[in-house]
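Here are the chains, one letter per residue:
There are 2 protein chains.
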Amino acid sequence: MAVGSGVIEQLKPIAGVRLATGQAGVKYHSRDDVVLIEVSPNAEVACVFTQNQFCAAPVTIAKQHSGDTASRYLLINTGNANAGTGQQGLEDALTCCGAVADLLKVSTKAVLPFSTGVIGEELPVDKITAALPGLIDGLSANGWLRAASGIMTTDTRPKAVSKTVVINGYAVTVTGIAKGAGMIKPNMATLLAYIATDAKLDKTLLQSVLARCTDQSFNRITIDGDTSTNDACVLIASGHSGVVIDEDVAGYQQFVDCLSEVFIELAQGLVRDGEGASKFVTVQVNGGADSEECLKVAYTIAESPLVKTALFASDPNWGRLLAAIGRAGVSDLDVDGVTVHIGDVLIAENGSRATSYTEEAGQRAMNKEDITLVIDLGRGSKSETVWTSDLSYDYVKINAEYRS
Amino acid sequence: MAVGSGVIEQLKPIAGVRLATGQAGVKYHSRDDVVLIEVSPNAEVACVFTQNQFCAAPVTIAKQHSGDTASRYLLINTGNANAGTGQQGLEDALTCCGAVADLLKVSTKAVLPFSTGVIGEELPVDKITAALPGLIDGLSANGWLRAASGIMTTDTRPKAVSKTVVINGYAVTVTGIAKGAGMIKPNMATLLAYIATDAKLDKTLLQSVLARCTDQSFNRITIDGDTSTNDACVLIASGHSGVVIDEDVAGYQQFVDCLSEVFIELAQGLVRDGEGASKFVTVQVNGGADSEECLKVAYTIAESPLVKTALFASDPNWGRLLAAIGRAGVSDLDVDGVTVHIGDVLIAENGSRATSYTEEAGQRAMNKEDITLVIDLGRGSKSETVWTSDLSYDYVKINAEYRS
Numbered sequence: 015m016a017v018g019s020g021v022i023e024q025l026k027p028i029a030g031v032r033l034a035t036g037q038a039g040v041k042y043h044s045r046d047d048v049v050l051i052e053v054s055p056n057a058e059v060a061c062v063f064t065q066n067q068f069c070a071a072p073v074t075i076a077k078q079h080s081g082d083t084a085s086r087y088l089l090i091n092t093g094n095a096n097a098g099t100g101q102q103g104l105e106d107a108l109t110c111c112g113a114v115a116d117l118l119k120v121s122t123k124a125v126l127p128f129s130t131g132v133i134g135e136e137l138p139v140d141k142i143t144a145a146l147p148g149l150i151d152g153l154s155a156n157g158w159l160r161a162a163s164g165i166m167t168t169d170t171r172p173k174a175v176s177k178t179v180v181i182n183g184y185a186v187t188v189t190g191i192a193k194g195a196g197m198i199k200p201n202m203a204t205l206l207a208y209i210a211t212d213a214k215l216d217k218t219l220l221q222s223v224l225a226r227c228t229d230q231s232f233n234r235i236t237i238d239g240d241t242s243t244n245d246a247c248v249l250i251a252s253g254h255s256g257v258v259i260d261e262d263v264a265g266y267q268q269f270v271d272c273l274s275e276v277f278i279e280l281a282q283g284l285v286r287d288g289e290g291a292s293k294f295v296t297v298q299v300n301g302g303a304d305s306e307e308c309l310k311v312a313y314t315i316a317e318s319p320l321v322k323t324a325l326f327a328s329d330p331n332w333g334r335l336l337a338a339i340g341r342a343g344v345s346d347l348d349v350d351g352v353t354v355h356i357g358d359v360l361i362a363e364n365g366s367r368a369t370s371y372t373e374e375a376g377q378r379a380m381n382k383e384d385i386t387l388v389i390d391l392g393r394g395s396k397s398e399t400v401w402t403s404d405l406s407y408d409y410v411k412i413n414a415e416y417r418s
Numbered sequence: 015m016a017v018g019s020g021v022i023e024q025l026k027p028i029a030g031v032r033l034a035t036g037q038a039g040v041k042y043h044s045r046d047d048v049v050l051i052e053v054s055p056n057a058e059v060a061c062v063f064t065q066n067q068f069c070a071a072p073v074t075i076a077k078q079h080s081g082d083t084a085s086r087y088l089l090i091n092t093g094n095a096n097a098g099t100g101q102q103g104l105e106d107a108l109t110c111c112g113a114v115a116d117l118l119k120v121s122t123k124a125v126l127p128f129s130t131g132v133i134g135e136e137l138p139v140d141k142i143t144a145a146l147p148g149l150i151d152g153l154s155a156n157g158w159l160r161a162a163s164g165i166m167t168t169d170t171r172p173k174a175v176s177k178t179v180v181i182n183g184y185a186v187t188v189t190g191i192a193k194g195a196g197m198i199k200p201n202m203a204t205l206l207a208y209i210a211t212d213a214k215l216d217k218t219l220l221q222s223v224l225a226r227c228t229d230q231s232f233n234r235i236t237i238d239g240d241t242s243t244n245d246a247c248v249l250i251a252s253g254h255s256g257v258v259i260d261e262d263v264a265g266y267q268q269f270v271d272c273l274s275e276v277f278i279e280l281a282q283g284l285v286r287d288g289e290g291a292s293k294f295v296t297v298q299v300n301g302g303a304d305s306e307e308c309l310k311v312a313y314t315i316a317e318s319p320l321v322k323t324a325l326f327a328s329d330p331n332w333g334r335l336l337a338a339i340g341r342a343g344v345s346d347l348d349v350d351g352v353t354v355h356i357g358d359v360l361i362a363e364n365g366s367r368a369t370s371y372t373e374e375a376g377q378r379a380m381n382k383e384d385i386t387l388v389i390d391l392g393r394g395s396k397s398e399t400v401w402t403s404d405l406s407y408d409y410v411k412i413n414a415e416y417r418s
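One line per chain: the protein sequences are X and G, in this order.
Taken in order, the first sequence gives residues 15 to 418; the numbers are from our numbering.
Taken in order, the second sequence gives residues 15 to 418; the numbers are from our numbering.
Treat the hints with caution; some may be incorrect.
[Said to hold, decoys possible] Computed cross-link-like contacts, EDC-like style, restricted to lysine to aspartate or glutamate with a CA-CA straight-line distance of at most 16 Å:
1) G/411 <-> X/408
2) X/411 <-> G/408
3) X/411 <-> G/329
4) X/217 <-> X/260
Source of the hints: derived by calculation from the structure; they are not laboratory data.
Quick caveat, the model's predicted, so the values are computed rather than measured.
Please take these sequences and the hints and turn them into a complete structure.
Encoded structure:
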């Protein structure tokens with residue numbers, strides 16, 4: 015299952031970035047499972063990684079490498095997360111980086127490794143290194159769409175977005191791909207996302223823009239509340255458009271808005287293709303005293319198994335929404351001041367069902383594939399939004415049958 | 015589904031406590047759905063209630079009444095939670111209490127109301143009051159077992175326990191019943207539990223013993239992480255055994271241990287009959303620097319949909335356990351110092367799979383119905399234990415089909 019058509023519009027290449035995708039047979043045969051991304055020598059690359067303390071070996075290595083040296087190559091494999099693999103895992107990730115470095119005459123530290131898939135299995139290094147010559151031959155500026163498929167695990171379809179913004183008369187392009195369908199409650203990054211622009215930004219600004227965009231996109235989605243060991247999000251600025259972005263230029267906000275749209279579309283794309291998802295749900299909490307309490311309420315709703323099963327059943331079970339709000343840990347909440355809408359239907363106010371509410375109206379609102387739950391806490395002016403999916407038989411099936 | 019036989023051993027009556035169960039037709043016909051419990055005039059009654067801020071009308075009324083007046087009658091209905099019902103709900107709960115009071119010539123405040131079932135529907139007061147004369151006629155000291163069934167909602171079987179302890183040569187008996195199969199992550203109490211003893215305790219001590227026993231039993235279970243709007247736990251001390259319990263008597267600890275056993279067996283009984291449960295899982299976290307971090311890790315594991323679906327599949331997917339530990343928010347966790355056992359099988363150490371581990375041994379440990387996950391954080395001497403169930407197709411089915 016997945017929500018919406020998932021149609022990907024024409025992806026625009028980013029000058030200075032080439033991609034190749036191939037089959038290494040890491041876990042499955044006859045399936046793309048390795049991707050190599052090449053970044054031109056003067057590009058800047060910024061990364062954010064999972065906050066999970068059991069982070070995977072490639073995360074540890076990629077953090078070290080990206081701190082030390084200008085990154086030139088990103089090597090991604092699916093089918094094996096190289097997580098929970100101890101010292102051997104670190105060595106395996108380094109061996110893969112070294113193999114890329116030898117073939118392409120760069121420093122090992124110029125290569126960043128990324129893995130996703132089953133946790134706790136030894137990485138089949140030989141299979142991955144054997145696939146490298148073919149990947150290098152295949153590097154192409156038009157490789158984005160196949161790469162979007164190549165990084166999938168339980169995803170049912172690729173997630174990719176391109177956008178162009180004109181800044182001071184010059185076009186700047188942003189193209190990104192992402193994957194992730196389960197173990198999704200990113201904390202500073204999502205499973206795997208690679209976004210590139212041909213704008214020119216210095217590394218400090220690129221890192222801060224990445225953090226800001228990630229925080230409002232991948233860090234606002236939850237599929238199952240589980241934060242992965244392997245989350246990583248990379249933002250590349252190749253500079254090949256010649257358009258320099260800094261915080262003082264007139265087009266800065268336009269650029270950030272464009273980038274932000276790409277991040278949010280990719281993040282929402284992950285939720286629409288969440289494991290077993292049949293609904294795409296926006297949880298918007300308004301009227302909070304601060305952002306923290308808005309997020310508490312939003313995540314409590316978005317992660318409640320009872321709310322999620324009601325969404326799956328298209329059941330306007332607003333009682334479960336009230337129960338979730340009531341246990342979210344907002345101190346001194348005046349429940350009589352809380353209102354709840356499903357779409358534009360007022361469901362609850364004054365601590366009970368709205369007098370205008372009818373079961374038919376609630377049912378109509380819940381039957382949609384895209385559902386917005388709007389909660390007003392009635393105690394301030396802060397708002398926060400998170401996106402989530404429902405909890406279906408297929409979520410259980412996928413996770414009871416797939417060793418991930 | 016439910017875990018284990020669920021056999022209930024002979025329930026012992028508690029002198030000074032009588033119970034009656036009947037059919038009011040609140041939601042379903044031909045099903046017990048109302049229970050009346052009578053407590054003798056000199057008994058002490060202590061209560062704890064849900065911390066959910068959207069607490070149900072009967073919770074609000076029962077809190078007021080139990081604070082004001084000696085409680086004589088507990089009126090319980092299933093099929094309707096009288097939650098999210100605003101002012102009307104409060105009036106309905108009071109009307110039911112008043113009807114009991116009129117028939118039995120006590121003050122309205124001597125009656126405590128309890129409801130469980132669907133949230134947000136108006137309580138059918140007339141049906142409940144019409145059933146009262148029959149209930150009053152049926153009051154019996156031997157009514158515990160039928161009452162245990164009478165308070166069930168999605169429970170598949172009654173939960174009831176009796177124990178006797180000899181204190182200074184005199185027998186003291188404790189008998190209790192409990193219900194709850196979903197929306198279970200109690201916070202200060204569970205859905206509904208009624209425990210009575212013929213020991214004599216003053217109200218202050220009874221309340222403190224109740225808080226202590228609840229904290230180590232009902233407050234250590236989670237089925238779906240959802241805290242109900244209606245949780246309530248009542249402890250009755252009739253005093254009819256003539257055995258006075260205070261903190262200075264020799265048998266005090268024996269009494270508390272006996273009571274505690276009843277609470278824990280009832281709490282575990284709820285988990286064994288959790289919605290869709292096919293596994294009973296003990297999550298024991300040792301080696302913590304403090305209790306709080308042990309509980310964080312225990313609940314993160316117990317509420318992870320990925321861990322719960324792996325348990326359902328009997329899949330020794332220790333990677334998901336490591337991922338859950340890593341995201342539990344324990345600061346400065348040295349992942350190399352963490353060990354994980356499933357039963358007596360060492361699964362992970364030094365941040366990866368234990369060298370002694372075999373998939374066969376892991377599979378054997380996971381195939382059992384009763385599974386203990388033991389995590390040692392390797393950073394202190396504190397321990398905490400929580401109990402949970404797995405996440406199955408049936409959990410989704412029950413909650414997608416049942417408007418609760």
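Hint check:
Of the supplied pair hints, the one linking residue 411 of chain G and residue 408 of chain X holds, its CA atoms being roughly 11 Å apart against a limit of 16 Å. Our distance criterion of 16 Å between C-alpha atoms is met by residue 411 of chain X and residue 408 of chain G, whose separation comes to about 11 Å. Taking the CA atoms of residue 411 of chain X and residue 329 of chain G, the gap is near 13 Å; set against the 16 Å cutoff, the hint holds. With a C-alpha separation of about 11 Å, the suggested pair residue 217 of chain X and residue 260 of chain X falls inside the 16 Å cut-off, and the hint holds.
Going down the numbered hints, you'll see the structure goes against none, and every one checks out.
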